[in-house]
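Chemist: Here the structure of chain A is known, so what remains is to put chains B and C in place on it, guided by the hints.
Residue numbers (numbering that gives the first Met the number 0), protein chains in the order written: chain A, 0 to 252; chain B, 0 to 295; chain C, 0 to 337.
Don't take each hint at face value.
[Claimed, not checked] Some chain C residues judged to face chain A by a derived CB distance under 10 Å, without partners named:
#1 Val90
#2 Leu93
#3 Gly182
#4 Arg183
#5 Arg189
#6 Leu317
Simulated from the structure, these hints should not be mistaken for lab results. The beta-carbon is built from N, C-alpha and C at its ideal position, and this holds for glycine as well.
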Amino acid sequence: MAVAALEIEELRCTLGGVEAVAGVSFSVPEGPTVGLIGPNGAGKSTLVGLIAGTRLPDAGTVRLFGEDISRLPAWRRSRLGLARTFQLSSEFARLTVLENLMVACRDEAGETIWGALFRRRRWRAVERVHAERAWELLERFRLEHKANEYAGLLSGGEKRLVEIMRGLMSHPRVLLLDEPMAGINPTLRDEIMEYLWSLKRDGLTMIMVEHELGAVERLCDTVLVMANGRLIGQGKYSEVIEMGEVVDAYING
Amino acid sequence: MNQFVLIVGSGLITAALLAVAGVGFTLQFSVTNVLNIAYGSIMSAAALVAYAVNTAGANLWVSGLVAAATGATFSLAINRGVFRPFEGRRAGPFTLIILSLAMSLILENALLIVGGPHFFSYGQLGQPSVRIEGVGFTPSQVVMVAVAGVLMFVVHAMQKWTKLGKAMRATATNPELARSRGVRTAIVVDLAWVISGALCGLAGLFMGIIVGAFNASTGSSFLVPIIAGVVLGGIGSPYGAMLGALIIGIVSEAAASIGGLSALKQLVAFAVLIGMLLLRPQGIFSSTAAERGLAR
Amino acid sequence: MSGATGWDFVAITLLVYLGVNLIACLGLNLQYGTAGVLNFAFIVFQAVGAYTAALFAVGPSSGNGGFQTYLGGWHLPFPLPWIIATVAGAVVALPVGLVGLRRLRSDYQAMVMLVVSLIATTVVVSFPGFLNGSAGISLVPPPLGTLLNPISVGYGWMYVGLTAVCCLSVFVVVAALARSPLGRSWRAMRDNEVVAGAVGLDVTRLRMLVFVVGGAIAALSGAVLVGFISAWSPDAWLYPETFAYFTALIVGGLGNSIGALIGAVLVPTLLLEGVTFLPTFANPTVSLGLQWIIIGIVIIGFLWFRPRGIAPERKNVLAPPARTLTLPGAGHDIADVS
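Pulled out of the complex, with its shape left as it was, chain A reads as follows:
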């Protein structure tokens, strides 16, 4: 049996005296798009932080393709193939869009003092490769005309696209999307959904935290439901949406 892309086991995290994540376990095989829904305060953002590495768990494990990453810092997890987007604007405002993309690619020669000064030919060549990939993505997402624009000057939707592109630059194995539709107007939402659908078609494993149930229904193969720090439901969108607890949690919770 193939090793799961992402495996969470008995993950726990206490914040300010409250158990924000109280023993969550699930497993995501390679390939599908998994949705994570739940009312505000359910612990979804905390869980995202625990998976991505911006927060350390009190107990439990996170495994990426079998490797235990539970206590690794975020940058290590990123280099192991786990990319993530953020809920709020997280572009590098004073870098151009192109630079935003290229900074996500690692370059052994160009990122040491010695290499930066003395191995210019080496890292220039690597830069060319990265720049090619960046331009490809910019064309695919139809943002080439903004390539040399400061990322801080883009519209909300454009920033979100840059973020997604940036996540893709390093050929990730798992993409973690934290409310990709948040703060985006409805017209752009459809556009972003189209892009996410094309990524899904390419076979990229994605985990998506989202409130926009329309997007969840369209994109996600499986849906996880969280409330009060626990997983209370798991299954196809159509099954999950009928669950008593889900109706309760969304309408009453």
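Modeler: Below, chains B and C without anything else, positioned relative to chain A:
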């Protein structure tokens, strides 16, 4: 001479200064989220004004009031004149601390110009008439410790039982929420700066009494133990400032007494600061530091 | 003849000080403008360089009647003391960085560094056997003093040339680093540290790197300065000096070398050094005090009216690969980004 009594005694005297100064410093941070580096210079200003008044004939109690008033005035002026306008422009924390450093330099150099570069000294303030186990303390030293103790209690009472104290804590935790609940945050902030400024000024007078000689720059040099005490206790917490001041005061005096070198006082305070940063940068009473995101 | 030499002396002094301040500003700009790392103890690293260069150039402390006490005194010829000084700056940056660069909020970190700066001068003054205390180290042999008469005008211009070579080298190094992938990673860290971690950047390592490089550059500036004035004492590196360099950067413009040059010319050189050549209209305490008051007012003014400084950071425009159409870089200034 009982060295233990000497250490505890002089430790308490230093702690008196550091506690009064530290509570003021931490109060400014807790209510307005500003690390006011100009604090040391305001202490120097108050020390010099109080000295002038004292030389002109007033006794130390009056000088103390003058010192407090000086500190309060300068602190309020700095907040109203500089910090508030910049905060209105959404200036970040780094801009604000650079501004406080700018004001520290302006104030300190203005004091240098007005007062001259030489040192001032209160000289021998009375005989060491209070004798405990062979160690002598002057009445002014004892009064200082007593006044500091009373002030600590007053601050505690204010925080816990008065409307102002509650308003200050509400403003410190969440200014928007406090405002929506009817707290007049602008006035609360002003009062916080007046009170902390008064503490700052009084600490300046204490400083003048404790050190052999002082000038316009002495206040800034005291920032080392003051900040060490505040960081140790947990910045933003008045009780932390008191505890930190006590620990730093006694430990630094012990080091100086045992090591025989007065410079060890500053060095030990610095060592404690470094230790705290390495082990627990939020300090002992860490709630304010943690929620303001000072250390991650 | 003496008139000409008089003006020569003024020019030489100003140019050497400009060079020293430019080197320092370039280093601080790399740390703060490019990488967003706060170093309120910057001047300590200049002092490390100056003291190291002095200790390695000067003879043993028993010489000259033994009126100074200090460590070292190995009497090495130029350029060894300068090279060792630069390395010393990098080495001292390691422990300071490890302690001071933890994930603290920017102003909290600045405050800690300020305390480091305060305690450094206290330590040197309180332990006179180490670096001769508050008197400082004097009678430092001028570099290449055996080749040319150190008092001559020719030596002065030679020294200007030496300073210029150092400036140029630092400028080239800083420019190369800023343009490299490392520079881009630093700027990303500056813009958003948490997100930088999420895209795979080891922020701790990046911070230490820029702190060490900046420390080395600061130390070099100290070595150049001490070679010129032949003495160094705690008065030269009190904590406000760091503030003067920050003012220079804020006035000149952060994140770019032209800004560093403009700032270095206007603030430390003209304002601090240049005014000492004007006839003193009052006693020295007043003019010194006024200088710092003016600096304080200047920085408050610039932060209010023009926080980006005179010369803004330049955009890094990349051309698309040959197969695509050439697209224009959008005409925005970095000042437009909030």
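Chemist: Please go over all the hints and tell whether each is borne out by the structure.
Modeler: Here's how the hints hold up against the structure:
no.	hint	in the structure
1	Val90	violated, 15 Å
2	Leu93	violated, 14 Å
3	Gly182	holds, 7 Å
4	Arg183	holds, 5 Å
5	Arg189	holds, 8 Å
6	Leu317	holds, 5 Å
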